[in-house]
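Q: Here is how the chains run, residue by residue.
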Amino acid sequence: MAILIDQKKKVLIQGITGREGRARTRLMLDYGTKVIGGVTPGHGGEEVFGLPVYDTVKEAVEAHGTIDVSVLFVPGPFVRDAAIEAIENGIKLLVIIPDRVPIHDTLTIVALARRKGASFIGPNTLGVISPHRAVLGMIGGRIETAREWFRPGDIGVISRSGGMTTSLSYYLTRAGLGQSTAVHIGGDAVVGETIPEIALRFEADPQTRLMVIFGEIGTTQEENLAQAIRAGKITKPIVAYIGGRGAKAGTRFSHAGAIIEGGRGGYESKVAALRSAGVHVAQTITELVETARRIHGMEVGNNQG
Amino acid sequence: MARLYEYQGKAILARYGIKIPRGKVIDTRNELVDLLGEIGLPVVLKGQLWITGRKEKGAIRFADTQGEAEAALSDLLQMTIGKFRIEKVLVEERIDVERECFAGIVIDDEKKSPVLIFSPEGGSGVEAKGGVSRVIDPLKGLARYEVVELIKSAGITGRSLTSLSGLIHKLYSIMREYDARAIEVNPIALTKRGDAIALDCHITIDDYAVYRHPDLGIEVAREFDRPPTELERIAYKVEAKDYRGTFYFFQIVDQIPADGRHIGFHGAGGGGSMFSMDALVKEGYQIANFCDTSGNPPASKVYRAAKIILSQPNIAGYFASGSGVASQEQIQSARGLVKAFLEEGLEIPAVIRLGGNMEEEAIRILKESLSGIPAEVEGYGKDDPPEFCAQRLKALIRPGLFHKIRPFSLPEPFPYGFETFSGILSINHDLCRNCDHKGCIESCRYGILKLEDGVPVLALDPELVKKGRCIECLACEQFCHFKGKKAIRIILPIPGLSEYRERLIDGNTD
Ligand code: SF4
Ligand code: SF4
Numbered sequence: 001m002a003i004l005i006d007q008k009k010k011v012l013i014q015g016i017t018g019r020e021g022r023a024r025t026r027l028m029l030d031y032g033t034k035v036i037g038g039v040t041p042g043h044g045g046e047e048v049f050g051l052p053v054y055d056t057v058k059e060a061v062e063a064h065g066t067i068d069v070s071v072l073f074v075p076g077p078f079v080r081d082a083a084i085e086a087i088e089n090g091i092k093l094l095v096i097i098p099d100r101v102p103i104h105d106t107l108t109i110v111a112l113a114r115r116k117g118a119s120f121i122g123p124n125t126l127g128v129i130s131p132h133r134a135v136l137g138m139i140g141g142r143i144e145t146a147r148e149w150f151r152p153g154d155i156g157v158i159s160r161s162g163g164m165t166t167s168l169s170y171y172l173t174r175a176g177l178g179q180s181t182a183v184h185i186g187g188d189a190v191v192g193e194t195i196p197e198i199a200l201r202f203e204a205d206p207q208t209r210l211m212v213i214f215g216e217i218g219t220t221q222e223e224n225l226a227q228a229i230r231a232g233k234i235t236k237p238i239v240a241y242i243g244g245r246g247a248k249a250g251t252r253f254s255h256a257g258a259i260i261e262g263g264r265g266g267y268e269s270k271v272a273a274l275r276s277a278g279v280h281v282a283q284t285i286t287e288l289v290e291t292a293r294r295i296h297g298m299e300v301g302n303n304q305g
Numbered sequence: 001m002a003r004l005y006e007y008q009g010k011a012i013l014a015r016y017g018i019k020i021p022r023g024k025v026i027d028t029r030n031e032l033v034d035l036l037g038e039i040g041l042p043v044v045l046k047g048q049l050w051i052t053g054r055k056e057k058g059a060i061r062f063a064d065t066q067g068e069a070e071a072a073l074s075d076l077l078q079m080t081i082g083k084f085r086i087e088k089v090l091v092e093e094r095i096d097v098e099r100e101c102f103a104g105i106v107i108d109d110e111k112k113s114p115v116l117i118f119s120p121e122g123g124s125g126v127e128a129k130g131g132v133s134r135v136i137d138p139l140k141g142l143a144r145y146e147v148v149e150l151i152k153s154a155g156i157t158g159r160s161l162t163s164l165s166g167l168i169h170k171l172y173s174i175m176r177e178y179d180a181r182a183i184e185v186n187p188i189a190l191t192k193r194g195d196a197i198a199l200d201c202h203i204t205i206d207d208y209a210v211y212r213h214p215d216l217g218i219e220v221a222r223e224f225d226r227p228p229t230e231l232e233r234i235a236y237k238v239e240a241k242d243y244r245g246t247f248y249f250f251q252i253v254d255q256i257p258a259d260g261r262h263i264g265f266h267g268a269g270g271g272g273s274m275f276s277m278d279a280l281v282k283e284g285y286q287i288a289n290f291c292d293t294s295g296n297p298p299a300s301k302v303y304r305a306a307k308i309i310l311s312q313p314n315i316a317g318y319f320a321s322g323s324g325v326a327s328q329e330q331i332q333s334a335r336g337l338v339k340a341f342l343e344e345g346l347e348i349p350a351v352i353r354l355g356g357n358m359e360e361e362a363i364r365i366l367k368e369s370l371s372g373i374p375a376e377v378e379g380y381g382k383d384d385p386p387e388f389c390a391q392r393l394k395a396l397i398r399p400g401l402f403h404k405i406r407p408f409s410l411p412e413p414f415p416y417g418f419e420t421f422s423g424i425l426s427i428n429h430d431l432c433r434n435c436d437h438k439g440c441i442e443s444c445r446y447g448i449l450k451l452e453d454g455v456p457v458l459a460l461d462p463e464l465v466k467k468g469r470c471i472e473c474l475a476c477e478q479f480c481h482f483k484g485k486k487a488i489r490i491i492l493p494i495p496g497l498s499e500y501r502e503r504l505i506d507g508n509t510d
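Protein chains in written order, with the UniProt record's numbering: chain D, 1 to 305; chain G, 1 to 510.
Here chain D stands alone, though its shape is the one from the complex (with noise of 0.2 Å):
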């Protein structure tokens, strides 16, 4: 098992036809993602390897029965039509790849997927990864890189930074700790899901015994965490690394959530609710790197006796 992607999945690509679709398309192809076919309007009938190109969800929908996740390629300020056709097609699973979303916008589409019964991961995401299973998006870069980088194991990583996501997957591959699912849930201030919603799908997915988190000042997901975990609905031991302080506040570093506003998200606070909640907060990378293995080792240890 894994969280939200394998091998199994039917995936549908939006923008399939623009330079980054099609470059990702190949990337999802060779990873072993099933998918299907996808999404230009005004491009119906082409082909991209071999795929088909339809100008509509509801066409797709039409020739392939129902499809599982939808990943979005098209530009920033088309987001928001294509997430709701998706949506409205019945896809309860989008990945939207793009940044620059306009906020108002990832409301629309959070108020939509609510009704619907519908999730989403982003805006700006590098994507998801299930090692040796499947992709998501873009995260990986080069077929070669994402083999090399990712392996499977029973650690998932949710990260609120793209590059983060590939380097603590990366150290913890090198440190013999493989990956069930590695999320980048997007940089942006809201974003579909936060991390403590996907430590509740980790909770749920056997094949999981780990968490290894990075988080980032601003925003109240890591607050939130803390929150789940001493309700007792998160019980999975848990290892994490706020960025973010050196900050000051009321500046936003590059990426959009990543500002302490009003008080709120401060790199201090997060610290003390996670560590009041039981998570092993690391000041290093080595550190948390480190923790992961020892927490794993004795995770392993207590299974077997």
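It is worth saying that the hints were derived from the structure and are not from the lab.
Just so it is clear, CB atoms sit at the ideal spot from N, CA and C, and this is done for glycine as well.
Fair warning: there could be bad hints in the mix.
Unchecked claim - Just a sample of chain D residues kept apart from chain G, beta carbon distances all over 12 Å, derived:
#1 42
#2 49
#3 81
#4 92
#5 100
#6 132
#7 176
#8 215
#9 275
#10 291
What the hints assert, rightly or not - Taking lysine to any residue and the SDA-like style, the derived pairs with C-alpha atoms no more than 25 Å apart in a straight line are:
#11 G:237 to G:463
#12 G:241 to D:78
#13 G:282 to D:269
#14 G:485 to G:446
#15 G:111 to D:114
#16 G:467 to D:75
#17 G:192 to G:149
#18 G:192 to G:153
Use these hints to put chain G with the ligands onto chain D, whose structure you have.
A: Just chain G with the ligands now, with coordinates in the frame of chain D:
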């Protein structure tokens, strides 16, 4: 600069029919005299700044006579709070306030919705006494009755219930029309007659939606707690015209002291940058600036970023580090840095952590190309953690050695040339004739150059090349610099930078 000044916000409120005090934003005595003739006395004079707590800081004055008003205006126009001078003053009639309330709509990341907040006693935020709030469903919008329900639950009744709910109801329409991240009216005055008047107004516009609102004239669409510095404006212009990858820059320390503790920082990717900065801070350093070039930027963009970072005098070291396992081509970063460091004749030490895609080649490029400059430059890859790299920088930093600003002027292009996406690639064919290998042609992975009459020329349609076929990777220029006759010059303008540096050198930037 996605914040609006009070007077801009109020103009928007007025367009929606919300009552604001009569008045005008001015910056001269003559305008004041004219205005007083129109609105009479007494008045309030409000310095236009983004900071909160303007009253306590003396940026808001009351005047009962024309003399007082004139004195207050001239006071305010000479006032500096923090680093920022008051440039404009909003002068308004005084309102007889019976009672003050607060209303605002913010976006709550936890609820993933806009949330309307009202407090009957003034004072901002839900924490305020008697404060109430309500989540807004973006698909339904905000209905007037919902506002009535909410503020009634906070004790508002009678004529005030009508006037206040009318005002607050409009705030959500404004928020949506202007793609606001937040809109706050604090305070709203209730008059004896029960009218609701907006006495102050804060609106922040979503950076990602600024393109939908050219009318707002937002110059740098970024959330700062202050207006952008001149160097930030220069950086923003680079980014605005070049969508290839991200370039984000701001200054953390403005007047950098020569204390050997300040580092020019060049990150890649938000999270990786953050933990790289954390590593520097842990070693006792201060970050002079934040900079992020990521999302697969070409070498030309990394070059411009480096030139801007190196326009900060007195930094003691240069630290470039991202997530460590980047999927973007690290040779682009290496080449961009090489061009900048060579041009600058860099003296301060630099530690460059270039982990990820093509890192071995990137580190090799740094090593081979920078052996001739005074600075010590070390390159590292994904297996070297940022803490280690920060320690390396510490070991290299020399007491008393600080970055000095050199004049920056664009070199003249060579006679032969063509336009690239953001610059000019020029070649001196006279030198090429004595070059026996013509290796520049091979060095371009994108087939831009071909040999004609024994010299390299453009191989493709100039229009295509200008549109981005030549990705400005700088490989040909650097190849020729080290292995050929230094016959290629790629000229990459950075508007405003040379003037900026000149002023720094003359010592008159404010
Ligand atoms: S390598 Fe340099 S000198 Fe030689 S042909 Fe090319 S541009 Fe001319
Ligand atoms: S001509 Fe080729 S090698 Fe030279 S900058 Fe352009 S793409 Fe790079």
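Q: Now look at each hint and say whether the structure bears it out.
A: Okay, the hints, checked on the actual structure:
The non-interface label for residue 42 (chain D) is consistent with chain G: the shortest C-beta to C-beta separation is roughly 21 Å, beyond 12 Å. Every C-beta of chain G lies more than 12 Å from that of residue 49 (chain D), the closest at about 20 Å, which supports listing it as non-interface. No Cβ of chain G comes within 12 Å of the Cβ of residue 81 (chain D); the nearest lies about 14 Å off, and the non-interface call holds. Residue-level check passed: residue 92 (chain D) sits 18 Å from the nearest beta carbon of chain G, beyond 12 Å.
The beta carbon of residue 100 (chain D) is not kept farther than 12 Å from every beta carbon of chain G, the shortest such distance being approximately 4 Å. Every Cβ of chain G is farther than 12 Å from the Cβ of residue 132 (chain D); the closest lies at roughly 18 Å, confirming the non-interface assignment. Every CB of chain G is more than 12 Å from the CB of residue 176 (chain D) (nearest about 15 Å), matching its label as outside the interface. The non-interface label for residue 215 (chain D) is inconsistent with chain G: the shortest C-beta to C-beta separation is roughly 9 Å, within 12 Å.
Even its closest Cβ contact with chain G, about 17 Å, leaves residue 275 (chain D) beyond 12 Å, as expected for a residue assigned away from the interface. Distance check on residue 291 (chain D): its Cβ is at least 14 Å (rounded) from any Cβ of chain G, clearing the 12 Å threshold; non-interface status holds. As the CA atoms of residue 237 (chain G) and residue 463 (chain G) are separated by approximately 23 Å, the hinted pair is consistent with the 25 Å bound. For the suggested pair residue 241 (chain G) and residue 78 (chain D), the alpha carbons sit about 20 Å apart, so the restraint of at most 25 Å is met.
The hinted pair formed by residue 282 (chain G) and residue 269 (chain D) meets the criterion: a straight-line CA distance of about 19 Å does not exceed 25 Å. Simply put, residue 485 (chain G) and residue 446 (chain G) have alpha-carbon atoms about 22 Å apart, close enough for the 25 Å limit, and the pair holds. Between residue 111 (chain G) and residue 114 (chain D) the CA atoms are separated by roughly 12 Å; this keeps the pair inside 25 Å, and the hint holds. For the proposed pair residue 467 (chain G) and residue 75 (chain D), the alpha carbon gap of about 19 Å is at most 25 Å, so the pair holds.
Pair hint residue 192 (chain G) plus residue 149 (chain G) holds up; C-alpha atoms about 23 Å apart against a cutoff of 25 Å. Of the supplied pair hints, the one linking residue 192 (chain G) and residue 153 (chain G) holds, its CA atoms being roughly 21 Å apart against a limit of 25 Å.
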